[in-house]
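**Student:** Protein sequences appear in the order of chains A and B.
To convert a position in the first sequence, counted from 1, into the working numbering, add 5.
To convert a position in the second sequence, counted from 1, into the working numbering, add 62.
Simulated from the structure, these hints should not be mistaken for lab results.
Mixed in with the good hints, there may be bad ones.
Not everything, but these chain A residues come out facing chain B in the computed CB check (under 8 Å) [stated by the list, open to error]:
no.: 1; residue: GLU21
no.: 2; residue: VAL200
no.: 3; residue: LEU201
Only a predicted model underlies this, so the values are computations on that prediction, with no experimental measurement involved.
No residue lacks a Cβ here, since even glycine has one placed at the ideal position from N, Cα and C.
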Amino acid sequence: MRDVAIIGVGMTKWGELWRKSLRTIFTESALLALEDAGVDHFDSLFVGCMSSGLFVGQEHLASLLADSLGRTPVPAARVESACASGGLALRQGVIEVASGASDIVLVGGVEKMTDVTGCEATFALGTAADQEYEGYHGLTFPGLYAMMAVAHMHRYGTTREQLAMVAVKNHDNGSRNPLAQFPFKVTVDGVLNSVLVADPLRILDCSPITDGAAAVVLCPSEMARKMKKPVVRITGTGQATDTIALSSRRDLTWLESTHLAAQKALAMAGRKIRDIDLFEVHDCFTIAEIMVTEALGLVEKGRGGQAVEEGLTARGGRFPVNPSGGLKAKGHPVGATGVAQAVEVVKQLRGEAGERQVKGAKRGLTQNMGGTGGSSVVHVLEAD
Amino acid sequence: MAGIIGYGAYIPRNRIRVEEIAKVWGADAPSFKKGLMLEEKSVPSPDQDTITMAVEGSKRALKRAGIDAREIGAVYIGSESHPYAVKPSGTVLAEAIGATPAVHTADLEFACKAGTEGMFIALNLVRSGAVKYALAVGADTSQGAPGDALEYSAAAGAAAFLFGAERLVAEVLETYSYTTDMPDFWRREYMYYPRHGGRFTGDEAYFAHVTGSARAIMAKAGLKPADFRYVVFHQPNGKFPFRAGEMLGFSKPQIEPGWLVSKLGNTYSGSSPLGLTATLDIAKAGDLILLVSYGSGAGSDSFVIRVTERIDEVRDLAPRTRTLLDTNKVYLEYGAYAKYRRKIRKAE
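Given only the sequences and the hints, what does the whole structure look like? Please build it.
**Tutor:** Next up, the structure:
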């Protein structure tokens, strides 16, 4: 297998982009990535997108976007794994380059979520749950994660305030990210007094509905070095699945797919979790980040809440988690999220993250998750 | 020279509090009170509708104008809750006030700006000399789906303005209309309740049109915010008018006299027109007032109005709008409210 590098990244401002269509926001980010890479072509395209059919009534997305980039007849494929679609698209791109099937691969993620009503968006997102076992019984994602939060609080004594501290930390980071949907700070009191969504989760515990896209350009590391660009290698990729119905899990407080995907990615990279300098993880709800830090092995089982309270996961802490602002503050256009995590890690490893730069970062990890953990994708990125 | 020769307001006496609605839906009342600055809203009685309220408001406008209704050459009624899909409201109104048969009438609909739409047409018919007097009414028994955010604001009320060329209470110096195609709020035929685009109805719709219209009319008239004593914006909730004012450079004291929404709700076609009646109630000769409506779909009509000395003679010939708003209230529980608003399906 060939060693793979990211040579270009692109992302534009996220938010409620009512004046732009899906193809526009995707194309803007893709062109930025291609320009950043300094390439005039690519050999194949992978697009992560969860539900363009329900959100904008458009399927057949890969060809549409290859066309809007003016690059037909390149091979193009859309990759779907709910909210992990972007991370999985990146993984497919890595495998494509590593296998020798293509040299230069464009990987993009996109979701246009605000052209439908809140109810329709909630339904579309709900299709990431098990329809027969969960959806038909009225469960939505805030409800599912609320149950996970209650279980975690009950078993480990995680506090309501600790959940809020995840939002406070990520908004503090996001306030330094000009591309974030919500680049402002929040307080613990502000989170605790925000509107209740699904007890114990309040609106400021939840990631938003977002329009956005992100893109990266991959090529073999050897080729990248010849191009005299700052090279960030993808040294590890790992993926795992789990039951998508929460009721089928052995443990409501444990994300097995994230645990296994991380183990695979770290083993491939030949690294331990303690070797990693920063983490971009899937904080779709505040409880999710707490559980992800445990599943990655940053802290012991049950200690995720305490870790955020002690500042372990703060930007200046031992394990900076979500310096970009995370899904919480940066936004969560579901198909774009996994690719945007890689964009952030590349910026951090190049030292281009501005006010939110994690000093001296050499290695980063991304963790992207579908549903309540029915799928997880982890990548390890290292500065060359 | 043409302008307003008489004005009248009507607000039903029933009210329902935000807490009462929130209690039924398990919603968070403080977030509506604080976030949208809404406290209570008016509710029409079972025997009231757009037409009856328009008649009440128009009678008061006639009292202030002191003219013979038979001299009214045009009657326009703007509403998104005309009682009939087919059969005009304007004919009933014209008949009820005694303006028939030598009168032109039309029903107008443009979401929340149908009232100012009528004012624009009435004013210009008088200006052109086609009619001596013209009546324009904005009235609504607004629709909001049960449980929807709109249910906390959708209210009832009417404001009527008589336009003429002499004995003006307020001269209209300038008008401007700002219109684009904007799918922010709609109700198709046979739909019982309207639908809306959530936050899309803010920046892209309300604020873009209201500030666009206000800036253009000020440029056209060579005026700046400080030149106006008062400004009245469309009031879909408590927050929007203040934010629009802030964006344009108006102060709270300029907005507050016409800001009725926290106790009245959004009376749709009656909203900014009722704000104007409340402002005229306290205005003095020479005051400049800027009126800026907004209707989804979308458009904003602006008027630069200068109050004349006649205001002191007419204002107490009919009840003041604040009096209608603050006195003689009856608070409803949700059950009676649901009945009054025909939210309960009865036997055929």
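**Student:** Does A/GLU21 pass the interface hint, meaning its C-beta sits closer than 8 Å to a C-beta of chain B?
**Tutor:** 6 Å, holds
**Student:** Minimum Cβ distance from A/VAL200 to chain B below 8 Å?
**Tutor:** 5 Å, holds
**Student:** Quick one, is the A/LEU201 hint okay against chain B at 8 Å, beta carbons?
**Tutor:** Check passed: Cβ of A/LEU201 comes within 7 Å of chain B, closer than 8 Å.
Hint compliance for this structure: every hint is met.
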